[in-house]
Amino acid sequence: MEKISLTGQLIQYIFTGITVGSIYAMVALGFNIIYNVTEIINFAQGEFVMLGGLIMVFFSAFLKLPLPLAFLLTVAVVTGVGALMERFTINPLKNATVLTMIIVTIAVSILLKGIAMFVWGKDPYIIPPFSGSEPIVILGAAIQTQTLWVLLMTAVVVVLLSLFFKKTRYGKAMLACADDPDAARLVGIKVNTMVLISFALSAAIGAVAGAIITPISLMEYDRGALLGLKGFGASVLGGLGSFYGAVVAGILLGIIESLCAGLISSGYKDAVALLLLLLVLYVRPSGLFGNVEAGKIKEF
Amino acid sequence: MKIKGRAVWIPLALTISLLLIFSCAKEKEEKKATTELKEPYKVGAVFSVTGRTSFLGEPEKKTAEMIADAINNIGGINGHPLELIIYDDESDETKCVLAVKRLIKKDKVPVIIGPSLSGNTLAVVKVMNDAKVPLVSCAASFKIVTPVVDRKWIFKVPQSDSHAVLTIFDHLIANGKNKIAIMSVSTGFGASGREELLRLASEVGMTIVADERYGPKDTDLTAQLTRIRGTDAQAIVNWSVGPTQVLAVKNWYDLGMTAMPFYQSHGFGSRKNIELAAGAAEGVFCPLGRVNIPDLVPADHPQKKVIMIYNEAYQKTYNEPLSSFGGHAWDALNLVIDALRQVGPDSAKIRDYLENRKNFVGQHGVFNFSPTDHNGLTKEAFEMVVVKDGDWALAP
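Protein sequence lines correspond, in order, to chains A and B. Heads up: the first sequence begins at 1 in our numbering, then just goes up one per residue. Heads up: the second sequence begins at 1 in our numbering, then just goes up one per residue.
The set of hints was computed from the structure by calculation and includes no laboratory data. Owing to the predicted nature of the structure, the values given are computational and were not obtained by experimental measurement. Worth double-checking, as some hints may not be accurate.
Below 25 Å or equal to it, Euclidean Cα-Cα: the simulated DMTMM-like pairs (lysine to aspartate or glutamate) are [said to hold, decoys possible]:
id, chain 1, residue 1, chain 2, residue 2
1, B, Lys38, B, Asp346
2, B, Lys304, B, Asp69
3, A, Lys122, B, Glu355
4, A, Lys122, B, Asp92
One chain only, chain A, in its complex shape (with noise of 0.2 Å):
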C-alpha cells in the first residue's frame, strides 16, 4: 500500500481535529451560556450530548424516522430535559450559593447517565451518517461526510445563536442578565424566565453536538463525561462566558490533540491538551477572549 505524504497527513489531522473540535466548542458554548446568565458551571452539559446521540438512535435507528425528523424530534426532547432539569432542580433553590447549585449540576449528570444506561444499556450505539459513506480523498487524506456535516451544523448554531443574542428580545435580554442580573431585574426582565431559557437553550446544543457525533464516534451512556470535561477545557482556555471564545479554543483544542496524536504520540495526547490549557492559565488567567472581570471568581 501506498505511503500517504506529510501534507496528506496534516490535512488528515487538521480535519480530525476540527471535527472533534467542533463538538468540544458546542459543549463550550453551552457551559457559557448557562454561566453567563447563572455563573453556574453546569456538569450536566456533556450528558445532553450523550442523550442527544442516544435520543437520535431511538428515532432515527429504531423508530426508522426520516433523518430531520428525527433530529428535530431529538432536539426537543433534549431541549425538554434541560428545561425540565431547571424547573425542578435549579428553580427551587431560591437562595442557595452557586457552589450548591454546581454540586446539583453533578448530581443531575450521575441521574442522566443512570437513566441512560436503564433504558438504553451499557452498548454503544451507531446511526448511518447523514449522507453518503464513502470518505472525500485530499491528497491522500480521506474526509468522511459526515466531518462535512459536522462543520455545517456547527456553524449553524454559532450563526443562529449569534443573531439570537443579537437581535432577539430574549437574547438581549439574556446578555443584559450576564451583564448584571439586579440592573436587569431592576429594568422588568424575568431573571427566572431567562435561566430557565438558558438550560433550555444548552442542552438544545448539546443535542445538536450528539446527534451529528454519533455517526463518527459511536455513543454510550457513559460518553458524556469526558466530553463534558474536554468542554469544559475549551470553555476555560476561550475565556469562561466568552462566545467566540468557546468555538476558536474548541476547535483549537481539537486540533492541538488530533496533531500531538499524529506527530509526537498518540499517548500523551490528552496530557499536552491539558498542559497547554494549563499554561495558558497561568499566562492569561482570564482566558484567551474572557476580560479580567469575567476571569475572577465570584462567589465560590
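Let chain A serve as the given structure and place chain B on it in line with the hints.
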C-alpha cells in the same frame, strides 16, 4: 376524599398480601424440598455485574446462574444441591476484596470463581493465599498465575494474551508479513496486550514499525491510523475492548486502508461489534475462542459438543446471543463442580484436584493443568477467524 382514597387501597392491599402469602408458601415448599436433600455445596462468585466492565460480569453471572439451576434440577452434585453465592464488585478493586473476604469469612465457601477483571483478581491473590481457599479467575492476564510459586491457590480459565498474540503472529508469518503497526488502548487490557506484542515480536522475528496508543473514551482514531499510513507497516494489530475497537475498524475502513490487513485482539469476539462497524469490519482478522463460533467448529472437534449445548441453553434461557465472557464463567464453574463431585467441599482437596486436572473440555479450550501451569491452555485454544459477509468465517 379520604374514604374514597381508602376504598382504592383496600383491594390493592389485599392483593399484595395475598401475593406475599403465596410467595411465602412457595418458598416454604422449596425449603422443604431442599432439606430432604443433603447439605448444600457452597460456591462463591464475584463478577463485575455493574460498573464500567459490566459487559464482562453480566454474561458471567447469567451463565453461572443458568448452570446452577440446571445442576439443581437434576439433583445437584452427588445429591448435594449447589448453592451459588454471587456478589457484584461493581468493577471496583476495593469492593472486590471486600466481597471475597465476605465469601470466605461469612459465607464460608470452600472455593470461589471470578472476579471478572485482572486488576481485581490480582488484588485478591493475597487474601486467597492467606485463607487457603482456591480461586478460579475469569480474568485473562498471565500475571494472575505467574509466578506459579506465589499463586498456589489461584487458577484462571481465560486464554492468556500471549496465546492470542502467538496465534496472530503465526497467521502473519504464514502470509509473509513481518512488519507490523500496533495500536492499543491505555487500559489494563490494552497495556497487557501491548507488552506481550512487544515481547513476543522479537522472539518470532516480527518488526514493530509503529506503536500507537489511545484512551478508552476517544472519539476518533484517525490521527493514529494516519501515522501508521506514513510507515511501511504490512498489517495492523489493534488491542482494545469496548467502543474504541469498533472505532478503529471504522476509521481504518474510511481512510481506505483496507490493503493493510487489520488484526483485532480476542476482545473483538462479539457479533455486535461487526454490526456496529456496519460493513467496515469486512476482512478483519481476529483470534477467537471456539465458544464464539459454534457453527464453525468442525463436528469432530472435542469441544463441539459442550459448545453447542451451552450455546443453545444460553440463547433459550436469556433470548440473547452468547458472549465469549460467559464462556469463562462456564469453564470456571464446571471445573469447580467437577472438583466438588470428586473430592467434596474441602478447599485443599479442591486445589490439589484442579492442579492435576487433565483433558477438561471447556468452552475456551481443552484444559491441562499442572503444578507449573495454572491456566492449562495453549495457543491451540484460539482459532483465527475473519469477518466475511457480516459474520465470522474460518481464516484462510
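Status of the hints after comparison with the structure:
In summary, the hint linking Lys38(B) to Asp346(B) is supported, as the alpha carbons are separated by about 16 Å, within the 25 Å threshold. Only pairs whose Cα atoms come within 25 Å are accepted, and Lys304(B) paired with Asp69(B) is accepted, the gap being roughly 23 Å. Proximity of Lys122(A) to Glu355(B) is assessed by CA-CA distance (about 37 Å); at most 25 Å being required, the pair is judged violated. Among the hinted pairs, Lys122(A) with Asp92(B) is consistent with the structure: their alpha-carbon atoms are about 17 Å apart, no more than 25 Å.
Consistency note: the structure conflicts with earlier hint 3 alone.
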